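Sequences and hints are given; from them, build the entire structure.
Below are the chains, spelled out letter by letter.
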Amino acid sequence: MTILTLAKGLNEGLRRAMEDDPKVVIMGEDVGKLGGVFRVTDGLQKDFGEDRVIDTPLAESGIVGTAIGLAMRGFRPVCEIQFDGFVFPAFDQIVTQLAKMHNRSAGNVPMPVTIRIPFGGGIGAVEHHSESPEALFCHTAGLKVVACSNSVDAYFMVQQAIAADDPVIFFEPKRRYWEKADVDTARTPDALHTARVIRPGADVTVLAYGPMVKTAMDAATAAEADGHDLEVIDLRTLSPLDMTTVLDSVRHTGRCVVVHEAPGNVGLGAEVAARVTEDAFYSLEAPVLRVTGFDTPYPASRLEEDYLPDLDRVLDAVDRSLAF
Amino acid sequence: MTILTLAKGLNEGLRRAMEDDPKVVIMGEDVGKLGGVFRVTDGLQKDFGEDRVIDTPLAESGIVGTAIGLAMRGFRPVCEIQFDGFVFPAFDQIVTQLAKMHNRSAGNVPMPVTIRIPFGGGIGAVEHHSESPEALFCHTAGLKVVACSNSVDAYFMVQQAIAADDPVIFFEPKRRYWEKADVDTARTPDALHTARVIRPGADVTVLAYGPMVKTAMDAATAAEADGHDLEVIDLRTLSPLDMTTVLDSVRHTGRCVVVHEAPGNVGLGAEVAARVTEDAFYSLEAPVLRVTGFDTPYPASRLEEDYLPDLDRVLDAVDRSLAF
Amino acid sequence: MGIGDSFVTAGDLDAERLTTINPDPESVQLLTPEGERVEHPDYEISLSDAEYCGLYRDLVMVRRIDVEATALQRQGELGIWASLLGQEAAQVGSGRAMAPDDMAFPTYREHGVAWCRDVDPLVLLGLFRGTNLGGWDPRAHNFGLYTIVIGSQTLHATGYAMGIQRDGGENAVIAYFGDGASSQGDVNEAFVYAAVYNAPVIFFCQNNQWAISEPLDRQTRIPLYRRASGFGFPGVRVDGNDVLAVYAVTKAALDDARSGQGPRLIEAYTYRMGAHTTSDDPTRYRLAAELEAWRLKDPLERMRSFLYKQQLAEKSFFDDLDAEADDLARNLRRACREMPDPRPLEMFAHAYSDTPPLLAEQRDRFGTYLGSFAEEVAR
Amino acid sequence: MGIGDSFVTAGDLDAERLTTINPDPESVQLLTPEGERVEHPDYEISLSDAEYCGLYRDLVMVRRIDVEATALQRQGELGIWASLLGQEAAQVGSGRAMAPDDMAFPTYREHGVAWCRDVDPLVLLGLFRGTNLGGWDPRAHNFGLYTIVIGSQTLHATGYAMGIQRDGGENAVIAYFGDGASSQGDVNEAFVYAAVYNAPVIFFCQNNQWAISEPLDRQTRIPLYRRASGFGFPGVRVDGNDVLAVYAVTKAALDDARSGQGPRLIEAYTYRMGAHTTSDDPTRYRLAAELEAWRLKDPLERMRSFLYKQQLAEKSFFDDLDAEADDLARNLRRACREMPDPRPLEMFAHAYSDTPPLLAEQRDRFGTYLGSFAEEVAR
Ligand SMILES: Cc1ncc(C[n+]2csc(CCOP(=O)(O)OP(=O)(O)O)c2C)c(N)n1
Ligand SMILES: Cc1ncc(C[n+]2csc(CCOP(=O)(O)OP(=O)(O)O)c2C)c(N)n1
Ligand SMILES: [Mg+2]
Ligand SMILES: [Mg+2]
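Protein chains in written order, with numbering that gives the first Met the number 0: chain A, 0 to 323; chain B, 0 to 323; chain C, 0 to 378; chain D, 0 to 378.
The hints are simulated quantities; they were obtained by calculation from the structure and are not laboratory data.
Note that the coordinates shown come from a computational prediction; the quantities given were computed from them, not determined experimentally.
No incorrect hints appear here.
To give an idea of the chain C side of the interface with chain A (calculated C-beta under 8 Å), a few residues:
{"#": "1", "residue": "136"}
{"#": "2", "residue": "137"}
{"#": "3", "residue": "144"}
{"#": "4", "residue": "157"}
{"#": "5", "residue": "159"}
{"#": "6", "residue": "161"}
{"#": "7", "residue": "162"}
{"#": "8", "residue": "163"}
{"#": "9", "residue": "165"}
{"#": "10", "residue": "188"}
{"#": "11", "residue": "348"}
{"#": "12", "residue": "351"}
{"#": "13", "residue": "352"}
Each pair of labels, with its calculated beta carbon distance range:
{"#": "14", "chain 1": "C", "residue 1": "53", "chain 2": "B", "residue 2": "311", "range": "51 to 61 Å"}
{"#": "15", "chain 1": "C", "residue 1": "138", "chain 2": "D", "residue 2": "136", "range": "51 to 61 Å"}
{"#": "16", "chain 1": "C", "residue 1": "373", "chain 2": "D", "residue 2": "366", "range": "50 to 60 Å"}
No residue lacks a Cβ here, since even glycine has one placed at the ideal position from N, Cα and C.
Laid out in structure tokens, this is it:
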């Protein structure tokens, strides 16, 4: 057992993946000597060389486009997008090429490309540094999308994503990079595309992922004081969703609140709500409620505490759910 | 009254907008001499000149990026994206610049840019020519998103979109381009961001937009034979949604089916379902059911009839809804 | 200041454009339109008679496939077809210049390169018929999948070349793209990456003068081969209708790339003789005179004249070749008509390397749904 | 073939890079680092004493704003700050070369240009403090909003220039961008559009040698000003630490553009003396020696020497200027500390030109929700 920050968990996971498979290469802006602006790739270029930890030109479409070519040559590229808001120049390569290549090839071409994206707000940053674009990738067939929320998952999930033969968009909760946890690297991890009940409870199911997992857990603790017993699920896999775990929970609580930072409109919460309602209609005592960012551009950072879901807004939704 | 195809309705609407306002310019690939691959801009360059109907270099980010600059200079650019699948190179400019400029400027800079996108399948085309990416734009705050389904709306809505001071993503149902209708150009059109009940009914509300409107109407006709009275709504505005019209309907039918060609996962149908459930929970006799494209890349065209929602799949969903 | 003073406008088409097809001093040529061998200080070629004949055979077969495909489209067997008519020499010359383990990344029009890489023409027809999205194994043919989003494949090619640098391969890569594509951000990013990493990739631009209805001056105001100089690597223009010159120039570039000299840009100056695709009507935007002028530069004719003049082939060779091409066309036609549609559930098969549970559920439900109709019919 | 044989690797930093800062024959210079006026065959400048002094004042004021902002960030008043230290001459020289109705499109580091365009420095601080996202009126200042997504603004600038062509304006546009940005697709597409339409836009690249931790050789293997030649318009390199040369070169380029000669690329060769932003630690990736070498080329020092040597200003001028700068800094500091946070519901105000009903509902509900806490507190 070692105590690792989430960022360090990722760093160790990447290191392990590179040791295990010489075809794993890391590429992105400032990932080399600097070790990435969040230091997630710290020390890797020093140890694995410039051919395997590649500082790229400042062009994200190029990062993903060349990663696709590297994958066709047999490599397993791990691309770092520096911040959520800078994935858009690469969007065409991700949506029209990366997501579709395997299908276009009738299964002949595996696409083991991992795209790491630090996402979400709460760090007092300027524009484009605090966004949550996961819904866009979930809507894109051919991609798999996951989000880690803690050091243990960070360590294991990044390795699992790299080992997968499909493209994985890997979201990292940037404001939790410095949170610590005990990581037992010898453990057998849960499968990548599974959700996890991280707090069993009887009254309301609260679904969260990435940075909102901690918020949901804090809410559960606070709700206890009010006599409400929340079941908290860390979704972990955003596409495909692990509906088995979600439905099991909602069927016994009868109520569901889903939380994310991204705007609500056509967000992942909508999908969860639609599916839960469709598959557990008679179990629901209340509609699935969403606690999300507002349907505005991400605001200047002095307003982000208002924009972002927090403990109180989760509790408010729990109360509203219980009032049905 | 003149009988116009949907494509011609757009053409006349564009012409009218250009006549009414000298600041309206059209730009895109092949929009000039060729009149666009669907002839929607046919004859406009001849009549308004090369300065107002601009054949651009083959670079979509450039089309939208320069349109933003033109808008800042006081123009009202109408960009044509040749096919749905080719909007992605422009995605960054649309999401990070076009959608956010007005907000970034604290309201100082209007962004009257219209982006026309022929969308959807059913024309036997090769890859990237049959997609339905509307959900991605609906999730992006700062954009407005509409879809027309017939010649009359085509004529009026394109003018309304151009007249709007916000960026509008304007979806055109390409497989309906050649369908005809009487257009009374002297009529006062409905407001742009309103849905319309196009067939009143008592049993189930069916929501559709763009190419699926005709499919939904056909289903309603067929359902009549089975004794089911469907209410069909043409959503028309995808973001913001016109929930008033939708909820009014669902509150009296108690059942709702939403239809679109795009994959279901985190699609617009999910949003509609989530909202309807939240706002009309006690009115619902059944969960909102979705009839959508599958969660796979758009298939080779010989499979598209299976991929795309059709009359039978809508009826199947209606039956399932009624069975709850 | 007005617009358009300083660039050619569409209205000036006839006057201006016809000058651009005159013999071009900037361009490498080894065979004149009349089939005369000419020398070039930097490029030499000397092939066996059989090799010369082989190139001609390629040109003929490729054109025959193309003509047959166009006919099949007219007959309703294909949804659409993108003809390579006029570009056979650019494709065969470059395709044959590749070593077996060199890799090519095509657009949607590289039927001639596909031929050189042994991709079954029937599979190409399938793509335009709508029965597949490509589907061949790029590794089996060292030929990437057809790429429709303009320019994307140039980055894949560059990444692949970076892979060669990393695994010690001895091969090089060709990225095909069009004159229109040169405007895309991706293509220019590929130039940046290739230059910065000195990657062994040849950017092969078939400048066929048109991007659908847009003439070259909507993409650039200087010759395209000069784009490379802005990124710090060499560019060269070659007569794209001269299969020998294309072969020589491409081979030299590939050799350079293999020996660590980094990227090269080749502009093959040619002409799209047909419509953009069978859905297009080029009479709306270009003049018959232009087409006529280019017809005199036909890539097959000049190679045929060369073979005749140099007496490299007997009449029987030409007769046999015609018969072989007829056979190919006949077989292709039959096989195309018989090509079965894929079965509905196949669309779920390759979305992912596995089929995630929710997708499997979707597939199974749809299977049951389809089955219910069969039952109905049976009842 | 290995990788890296043919480009400078990070390991060679000291040896290789220091050569690049030697006096550069490719570069236009009118003032040596020692403050001597030198002649250039193509560029001349002759300003009044007051104008020379004005440029120096700009340099001093801009640096003072920058230093104050960095201090305010350290004190926790700003979330982050992107310093322009070292780039004052490039920004003031180009900013002052603009005519009042020329338009500029900045990145996030153009505080010196903002100064020349009369944008209140306090508003800039607000952006980095997190109270606004820019928010000035570009039309009021002929200065676009700060743009953080690298390269995007070059297309906006080009489109704006196309607008000038269409409405008969007599002005020109400057698109600012960095050396790193030169790799982005958007910037190269802007070159394509500007060249094809012959648009009156100057691409002004501040090559400060670094894109965060990445040295120039991760973006290009030839000098950046030569990129333009690949697109068919002129490029020039200017000593970016020489305010007079930058002024002269930019003014000439703007004049050219205004008179219908189309786009120009200017590479202002300079150096980012500070960290990328206050969040960055450049000691992780670059050498102190490099910084020292560039310190000898300080843009303020050389202009100060020039004024002294040419006796263009009295000592009182320098003293008054110091006092003025102190005042500015003091006022800025105070005003920054007092800058109020926006009120929560303001985030809904400008998402659209109107507020759509569903968004208004969202806003009102949130207002009620916030109000409920106030009530709770009140109770
Ligand atoms: C990103 C993108 N935009 C638009 C299209 C539609 N389109 C298909 S081919 C073509 C013209 C391509 O011209 P060029 O690159 O010269 O190749 P050519 O067709 O002449 O071989 C266009 C605009 C596309 N396929 N991809
Ligand atoms: C599209 C995009 N990718 C990444 C970033 C993160 N980023 C901010 S500044 C920067 C380096 C920019 O370098 P350069 O263009 O040379 O400008 P400089 O900062 O040196 O002024 C990077 C990578 C960004 N802002 N936008
Ligand atoms: Mg072409
Ligand atoms: Mg820089």
